[in-house]
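There are 2 protein chains.
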Amino acid sequence: MSVTAARGFTAAGVVAGIKESGAPDLALVVNQGPSRAAAGVFTGNRVRAAPVVWSEQVLKGGAVTAVVLNSGGANACTGPLGFQDTHATAERVAAALGHSAGEVAVASTGLIGLRLPMDKLLPGVDRAAAELSPHGGEKAAIAIKTTDTTHKTAVAEGAGWTVGGMAKGAGMLAPGLATMLVVLTTDADVESAALDEALRAATRTTFDRVDSDGCMSTNDTVLLLASGASGVVPEPVAFAEAVRAVCADLARQLVGDAEGASKDIRIEVVNAATEDDAVEVGRSIARNNLLKCALHGEDPNWGRVLSAIGTTSAAFDPDRLDVAINGVWVCRQGSVGEDRALVDMRYREVTITADLSAGDASAVVWTNDLTADYVHENSAYSS
Amino acid sequence: MSVTAARGFTAAGVVAGIKESGAPDLALVVNQGPSRAAAGVFTGNRVRAAPVVWSEQVLKGGAVTAVVLNSGGANACTGPLGFQDTHATAERVAAALGHSAGEVAVASTGLIGLRLPMDKLLPGVDRAAAELSPHGGEKAAIAIKTTDTTHKTAVAEGAGWTVGGMAKGAGMLAPGLATMLVVLTTDADVESAALDEALRAATRTTFDRVDSDGCMSTNDTVLLLASGASGVVPEPVAFAEAVRAVCADLARQLVGDAEGASKDIRIEVVNAATEDDAVEVGRSIARNNLLKCALHGEDPNWGRVLSAIGTTSAAFDPDRLDVAINGVWVCRQGSVGEDRALVDMRYREVTITADLSAGDASAVVWTNDLTADYVHENSAYSS
Chain A
1 MSVTAARGFT AAGVVAGIKE SGAPDLALVV NQGPSRAAAG VFTGNRVRAA PVVWSEQVLK
61 GGAVTAVVLN SGGANACTGP LGFQDTHATA ERVAAALGHS AGEVAVASTG LIGLRLPMDK
121 LLPGVDRAAA ELSPHGGEKA AIAIKTTDTT HKTAVAEGAG WTVGGMAKGA GMLAPGLATM
181 LVVLTTDADV ESAALDEALR AATRTTFDRV DSDGCMSTND TVLLLASGAS GVVPEPVAFA
241 EAVRAVCADL ARQLVGDAEG ASKDIRIEVV NAATEDDAVE VGRSIARNNL LKCALHGEDP
301 NWGRVLSAIG TTSAAFDPDR LDVAINGVWV CRQGSVGEDR ALVDMRYREV TITADLSAGD
361 ASAVVWTNDL TADYVHENSA YSS
Chain B
1 MSVTAARGFT AAGVVAGIKE SGAPDLALVV NQGPSRAAAG VFTGNRVRAA PVVWSEQVLK
61 GGAVTAVVLN SGGANACTGP LGFQDTHATA ERVAAALGHS AGEVAVASTG LIGLRLPMDK
121 LLPGVDRAAA ELSPHGGEKA AIAIKTTDTT HKTAVAEGAG WTVGGMAKGA GMLAPGLATM
181 LVVLTTDADV ESAALDEALR AATRTTFDRV DSDGCMSTND TVLLLASGAS GVVPEPVAFA
241 EAVRAVCADL ARQLVGDAEG ASKDIRIEVV NAATEDDAVE VGRSIARNNL LKCALHGEDP
301 NWGRVLSAIG TTSAAFDPDR LDVAINGVWV CRQGSVGEDR ALVDMRYREV TITADLSAGD
361 ASAVVWTNDL TADYVHENSA YSS
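Residue numbers (the numbering used here), protein chains in the order written: chain A, 1 to 383; chain B, 1 to 383.
Everything labelled a hint here was simulated from the structure, so no lab data went into it. Being a predicted model, the structure only gives us computed values, none of them experimental. Cβ atoms here follow ideal geometry from the backbone N, Cα and C, with glycine treated the same way. Watch out, some of these pointers could steer you wrong.
One-sided and incomplete, this derived list gives chain A residues near chain B with beta-carbon spacing under 10 Å [unchecked claim]:
#1 Thr43
#2 Ala193
#3 Ser307
#4 Ala372
Pulled out of the complex, with its shape left as it was, chain A reads as follows (with noise of 0.2 Å):
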């Protein structure tokens, strides 16, 4: 499972002790070859963390051999000495692995604004590279996690190849990446261009549509890495489809790990003009607070999925729009439809389905509830 399921990777996950709590807070996982192709999606957001700005250009070169990740620490809006603590963390791990830091990609999260403990943290990456294994997956994502109360892994088999990963998520959930970091690996034989467009088509279905709470992170990073070691160059479309599947699995656990949440709200807007139209307007209703509240009172309350339907700009007529909340189409024609009495709310999957009445696009937009423990986790705490 996870980053080490294919083969050609190594992983650790150490307690460098960057938290204050002696959890683990540092991973790394090593790409051993033969090839090192690698490919990167980073947050949408223009204030951008260090590690980021870093990766961004490790990326560029197309090959990434070990990649870096600590949680207790965003290393975000820290200036200049936060971009050498950066470089600094991939020096070191291109030191003790005898490789360019120029292919060590480096992840952050965490606060954002502190500088990261450095006389802890480079210790901790020689403990790591000390530690690294095939069966070291496992360690890593648990390294990673922050107020995630599980580790989360994935894994798909293609044709003589595996697909793995791992990511962190939990607050900060939203479009253009949560405040997530993922890193997939795969020993199928794929040049770094063809894992960038396998990559990019998988992400903007997947994790740019969890929206859990409408904020969008400055550390966002997903990474793909193939080692070749299979030997297998895969047929590219089972190729990209394990690339989604890993991450569509990856995106519902982060979405059922949601910071606070008690329900997890998927939202299909079908018949749209476009494909746009239906994710503007899936966003739209994710980010509605009203509603949010409403559904984690278990109230079917489609009143407010309309309001939030009707400051977007996409195509429909009032008048035409249907509405069904676990099945139940309580809004017909823009107006009152079946009893809402009969919606069950008792779960924690809840279904959302807007007819727009305007095309035959559709999208599916993941987010959660808003709830009073999640005002308690993001009050109590700086984070």
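Dock chain B against the given chain A, drawing on the hints supplied.
Below, chain B without anything else, positioned relative to chain A:
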């Protein structure tokens, strides 16, 4: 005070029985003339309640004799029958006053997707008409409350003329107006085109910059009625300023009484390239749930401010962003600034200043914190 502060207006507020609680729920405001000039601004939501559709049509004539407002039901998403209910309400007012229904504006607020109990509402109109008084402004302001904890009125005096008004708000407060019903009256002698200009200018920088919870209502209505009873044609700039002052006063009261809020947050965006940029940045900060939770917890979490700014398309250089919270510049040049421990967060009002270093435009946007009480108030019952 309220809508009867200006001469030439009578008002009433009664218990029609629309609300199950037995609280006042129907208000009537009548312009006794000699002028009946009026202007209106309505929700930007494309899903619009029946009374919005009706009143917008009435306002096209530039004359309003009476405004009837009910709480206890929004009459939104109620189809053609809901529109007939609005029409019937206007007709009943017209019959009671001996005027044309074409000059009767209607406003409703409450739950979306439920028909109004017309058997209670229409007799309520008759009772309100019978109780009309030049001292009825306070009762009218009380009758339009929903989850408002207090009624809201304001007044500004000119040279021989007065502008007064009432508002209800509380939830679903957002741009393009909040769930707000506002009626302003003046005894100044101003034609409808000039009223429209003054009202649009005033709402643009007041109600339109209140963004309590990011949700835009289907029912927002702001009306300005001029009786001309003072016989004074006001100096246009002074009149516009009086209208703006009353709107600003009422907008501030809406923020101060937003559902479940414990903080009123004033977001000043300064040195922006354009006013549009300043407003975009202000709104993005206002809608960041993570920041709103942090401020609830009295945590001056400037990283979340930067993260919100970074999602906008405004002109700025991330390395030149300065952010102050309550006057302490906790972020300088996109990185750590003054000690965040210096920020005093004990008071209800919090000021966030974001300096974009990109020009000389500015804007102020108001919002509230995100609290467990907000979640409770909006999940524990349908609204």
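Hint by hint, here is what the structure shows:
1. Using the Cβ-Cβ criterion of 10 Å, the hint placing threonine 43 of chain A at the interface with chain B is satisfied: the shortest such distance is roughly 8 Å.
2. The interface hint given for alanine 193 of chain A is violated, since its Cβ lies 29 Å from the closest Cβ of chain B, which is over the 10 Å cut-off.
3. Given the 10 Å rule on beta carbons, the hint for serine 307 of chain A holds: about 5 Å separates it from the nearest Cβ of chain B.
4. Hint status for alanine 372 of chain A relative to chain B: holds, with the closest Cβ pair at about 4 Å, below 10 Å.
The structure is inconsistent with hint 2 alone, although it conforms to all the rest.
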